[in-house]
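Student: Now for the letters of each chain:
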Amino acid sequence: MRDFLLYYGMFAIYYVFVINSLYLFIMMFSFKSIMGILKSSLYSRYQALSGSPHVPPISILVPAYNEELTIIENVRSLLSLNYPEYEVIVINDGSGDETLNVLINEFNLQLSHHAAVRPVLNTGKVRSVYYNPAYPHLYLIDKDNGGKADSLNAGINLSHYPLIASIDADSLLEKDALIRIARVYMENPEETVAIGGDIRIANGCKIEDGIVSEIRLPNKLLPMLQSIEYLKAFLGGRIGWSAINGLIIVSGAFGVFRKDYVIKVGGYRGGYPGEDMNIIIKLHKYMLENKLPYRVAFCPDAVCWTQAPDTWKILGSQRRRWGRGNLKNMIEYGRYMVFRPKYKIFGLVTLPYNILFETLNPYFRITGLLALIGYVLMDMTQANILLIYGALNILYGFLLGIGALLLEEIAFRRYPRFQDIVKMLFYTILMFFGYRQIGVIWRFLGHIEYMRNNNSWGTMTRTSWKAEEKKTISSLEVRG
Amino acid sequence: METPLTIAVYMLYGLCGAAVLGLLVLFVLKLRHLAADKRERVCLEKYQDYFFYIQAYGEEEGRLKPPAGVLTRSEKRIIQKKLISLLERFRGIHRQKLLDLCEDLGLVEMDLKRLNSWWKWSRVDAAYNLGMMHAEQAVPGIIRLMKKDDNDASMFIFARALAKCARQEKDLREMVKLLVAYRQNCQPLIVDILSDSQIDTGPLFVSLVSEEDADLVKVGLIGLTSHVQPGMGSILDQLVNSADKEVRIKVVKLLCRDIRYLTKRNVSLFLTHPDWEIRSVVAKAIGELGLSTYIPLLKRAVKDPHWWVARNSMNSLAQLQVDGFRALCSILEEERDSRIREMANQVIQKELEKGKFPSIDLEQQITHQQKLLFYQEWSRKTLNTAHALEK
Amino acid sequence: MNSLVPAFHQFLQASRSEHNSCGIILAACKQLSPTSVSYIEEALQQKSTGLHMQISYDKNTRLLAVYLEGQNRSETHFFSLQVKDVLQERGLLAGSLLIASFSESKQATSYVLQRMIQEVMELAGYGEIKLFFHRLDGREETAGSILLVNHDETVNEFLQIFLQQKGYHVTIAQDGMDGVQKYQELFPDLVITDLNLPIMDGYQLMERIKQQQTGPASKIVVLTDKKLEEDVKKSFALGASDYITKPFSPVELAARVKRLIS
Chain S
1 MRDFLLYYGM
11 FAIYYVFVIN
21 SLYLFIMMFS
31 FKSIMGILKS
41 SLYSRYQALS
51 GSPHVPPISI
61 LVPAYNEELT
71 IIENVRSLLS
81 LNYPEYEVIV
91 INDGSGDETL
101 NVLINEFNLQ
111 LSHHAAVRPV
121 LNTGKVRSVY
131 YNPAYPHLYL
141 IDKDNGGKAD
151 SLNAGINLSH
161 YPLIASIDAD
171 SLLEKDALIR
181 IARVYMENPE
191 ETVAIGGDIR
201 IANGCKIEDG
211 IVSEIRLPNK
221 LLPMLQSIEY
231 LKAFLGGRIG
241 WSAINGLIIV
251 SGAFGVFRKD
261 YVIKVGGYRG
271 GYPGEDMNII
281 IKLHKYMLEN
291 KLPYRVAFCP
301 DAVCWTQAPD
311 TWKILGSQRR
321 RWGRGNLKNM
331 IEYGRYMVFR
341 PKYKIFGLVT
351 LPYNILFETL
361 NPYFRITGLL
371 ALIGYVLMDM
381 TQANILLIYG
391 ALNILYGFLL
401 GIGALLLEEI
411 AFRRYPRFQD
421 IVKMLFYTIL
431 MFFGYRQIGV
441 IWRFLGHIEY
451 MRNNNSWGTM
461 TRTSWKAEEK
471 KTISSLEVRG
Chain F
1 METPLTIAVY
11 MLYGLCGAAV
21 LGLLVLFVLK
31 LRHLAADKRE
41 RVCLEKYQDY
51 FFYIQAYGEE
61 EGRLKPPAGV
71 LTRSEKRIIQ
81 KKLISLLERF
91 RGIHRQKLLD
101 LCEDLGLVEM
111 DLKRLNSWWK
121 WSRVDAAYNL
131 GMMHAEQAVP
141 GIIRLMKKDD
151 NDASMFIFAR
161 ALAKCARQEK
171 DLREMVKLLV
181 AYRQNCQPLI
191 VDILSDSQID
201 TGPLFVSLVS
211 EEDADLVKVG
221 LIGLTSHVQP
231 GMGSILDQLV
241 NSADKEVRIK
251 VVKLLCRDIR
261 YLTKRNVSLF
271 LTHPDWEIRS
281 VVAKAIGELG
291 LSTYIPLLKR
301 AVKDPHWWVA
311 RNSMNSLAQL
321 QVDGFRALCS
331 ILEEERDSRI
341 REMANQVIQK
351 ELEKGKFPSI
361 DLEQQITHQQ
371 KLLFYQEWSR
381 KTLNTAHALE
391 K
Chain A
1 MNSLVPAFHQ
11 FLQASRSEHN
21 SCGIILAACK
31 QLSPTSVSYI
41 EEALQQKSTG
51 LHMQISYDKN
61 TRLLAVYLEG
71 QNRSETHFFS
81 LQVKDVLQER
91 GLLAGSLLIA
101 SFSESKQATS
111 YVLQRMIQEV
121 MELAGYGEIK
131 LFFHRLDGRE
141 ETAGSILLVN
151 HDETVNEFLQ
161 IFLQQKGYHV
171 TIAQDGMDGV
181 QKYQELFPDL
191 VITDLNLPIM
201 DGYQLMERIK
211 QQQTGPASKI
221 VVLTDKKLEE
231 DVKKSFALGA
241 SDYITKPFSP
251 VELAARVKRL
261 IS
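Residue numbers (our numbering), protein chains in the order written: chain S, 1 to 480; chain F, 1 to 391; chain A, 1 to 262.
Since the hints were derived computationally from the structure, they do not count as laboratory data. A virtual CB, placed ideally from N, CA and C, is assigned to each residue, including glycine. Accuracy of the hints is not assured; some may be wrong.
Not everything, but these chain F residues come out facing chain S in the computed CB check (under 8 Å) [unchecked claim]: (1) Tyr10; (2) Leu15; (3) Gly22; (4) Lys30; (5) Lys148; (6) Asp152; (7) Ser210; (8) Gln349.
To list a few chain S residues with every Cβ distance to chain A over 12 Å, as calculated [said to hold, decoys possible]: (9) Glu85; (10) Leu315; (11) Leu348; (12) Leu369; (13) Met424.
Partial pick of chain S residues on the chain A-facing surface, computed with a CB cut under 10 Å [said to hold, decoys possible]: (14) Gly51; (15) Pro53; (16) Pro56; (17) Asn82; (18) Tyr83; (19) Ser128; (20) Asn132; (21) Lys175.
Could you put the whole structure together from the sequences, leaning on the hints where they help?
Tutor: So this is what it looks like as structure tokens:
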């Protein structure tokens, strides 16, 4: 018994080592591409491009559910992006609050009886479309509640342009984020099916009139930990994965897609979380099965700021949801595509990595830790094995954090002060004393919820954009 | 049992070492960046009066004087950055004087040397700067880099720089060829890059359209949409029958911008073309150009199986004043297919809805009133006929 | 009695012709001893090889004057940078500098010089270099007031310098909302606006301005990156008198501005 526990414990140690090494390996690809990304982002003449007639037009789709506090600022900010030709389609997903009326009043929208909706995708019932020629690029769809995926599909039905951008209602896009993604697209239009943007945490930043006027690290614990997490995941992970065309997810908060291919794979899958990973998996599958050259790209200099959950309850709900979505996607698609050469890097590298090290992560880690604890309890002289396990986790995680911060310092430098780096390093280590462990447990709980067929999206209370002071005046009053 | 553990311990030592190394690199990099930022601030402040001088006297004759005293290399770079930020916003004599100043300061020379640097990104920086400074001397160097460098995204940076520096059409041509060889389908980007050029790109586009390579033709066609050139009729007619679908579509788009090309023969040919994109483009163009003579052809086109063609045909009819509107109503009356009737009704209602929003144009208001009147009469009539039929 | 004026006349007499351009730089200094003055003179002579130059210093007003022959405005301005450097090196500068340039030296009368002396003494600030505009008829007259609404700081800085040189009074607003406010405060003769502005875009700004037109209409010029036909049409429909795309030629902009304001 003791031997079994030891061997299992050793296996857990190796597991942790391999998972981190693979991550490091992918991060090497990020480093390889980072100079190219830096120079391209510096030298691509975005200002001039933002007025050029050769840039492809985009339909921005904004599904909104109970967003009355922030929707106006968000829509206003979306209407003034640096981009030559685009439209903003807000889809009110049967909100229970005043989202619909707030928009209609603010922009003076009128009922448009006969908007050209081409029913390519099946959606829930669309009640009406609103429009005002004074805002020629703004459309509002009112429909029965059907979820985010359903809303996106409804938006696709109305959209007039060949590219679509899926944006969360609480995402705050930087003014040139879209044109930067368009540049990545224009460099390879036929093969690019999807491009993801960089998501950063807005907590702690100063936000005025829908623009992030001053970038600062979050003050509270949870948003700060998430900041580091996102930095590692996006800069360390996604740049590298996209370099080998193995990117498995494009954030629902900010992603651009080829509409024709999205339609070809049947649009967004509704009714369950994880539709952002799902659409990318479907796109990979379609392109690989039809032997079409393609890439799913990532544009780290196109930044979208979002408000991170700052209470354990809401964060937990989000992570459990991610866990459910991940599991469902792996069961629905992952297991048929994994280890099959037909699916190239995606099937041979991405999916195994995802299944073994993300989906099944909780099981290995929890059981491994328990085994080690059990072994040590049986033979206290070997206590240092636990220490080694812990130290391995922390050190390796720290190393990866340093890598991510290095990437940030080389190319983006959005947190310019020296003390910011120190703070981020500190939290990188702090993460391993509780936060990561709870994250693993949440993921596991998410799986349990999946097995129990729990389908909801959980709690997410929306707070207004006005930063630290958290005033309760609505933006209507501020507008005057 | 022991050895795996010792391996684990060695791994830990290795990780420690790597982490320390990483931290060192990170801190050094950060400090260097902060120092560079500070240097820049100091330099910009030191030369504030000088920058005022160069911005205030951009119009006068004679070259702008370089700042007095000796400049360090980093100062030159910082001043170069400022000059470039001004350069990219101007045209005309102001730009010329700034360009002369760049040359007088030795900045062009500095970057020409860097074009041969051993570090790839130094070369890219130099090429960019030379492009922004419109340095003619850099053209052969940049072409060489484009041919040699491992193909990646820096090709586009080189291409932009080349577009700005080139003074002769043949250099631009070479650039287009190199880009097309590197990546086949980025034609709109190529045209955008060419729009930065100082020389007239019209003749280049015309010559590209006659090329063999379909990609070059596409570049030419896209370019021609912004620089319409006379006398293209015969070539374009030939290209309509090209084997490449994209080429066909782009040619038709180009033809549709000019009324002269939309002869009766062409229009009926295009509206029955096997490519739905072509049918759609032509249907849309008829409405935009106000060609009421083709209303009967449009009436036939609304029955097209492809959604976009039908939709564009109906929208065009709506744009063709009262005659077009009448045609729409008659479709509503005569057509058997309910799908088409519904779409026609949608378009009609949308057109009538426009009366809700105040229009600035008096003419538009008049035509709208006419349409409204016609609709009211027509609906009464059809209602009566419907009643009569029912009885 | 100010010693600068006679010194200036001396200089003029020594100069070769009445039709040469000449430049005058006045600097507010601390109390200078004769040695300091000669030091300054030497330092400046070093920097100005071949220039016909004369320096004089007035103890009462503590003003240092530099007279240059044959130097047009830009050359005078450039030289003033050297003057400022020299003074600051030795810590002798106590205020700001005023520069003027005359295309014909006969325009530089004592009256003008007196006015310059007055103005430089009234200048607040330290180390600033100001340009003197001689109003030939003595009236306070600006060519017009311009409101510049643009988010691009470089362009704003440049246009402010450039247009003020031409005699316009320039106010800057960084976004649409600010633009509307400033418009209501100032009612400028001309508005130069970008289309892509934070908070409230250029189109909305133009609409608001149209709504507020009570007296004579302000002209609007659009200065923007956007090159789409649709934007051009819409701008003109909303009342713009002109549409200029970036990169732009400042000379042409100035010409159009002049035409619109006059």
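Student: Against which earlier hints does the structure fall short, listed by number upward?
Tutor: Failing hints, ascending: 1, 5, 7, 9, 16, 19 and 20.
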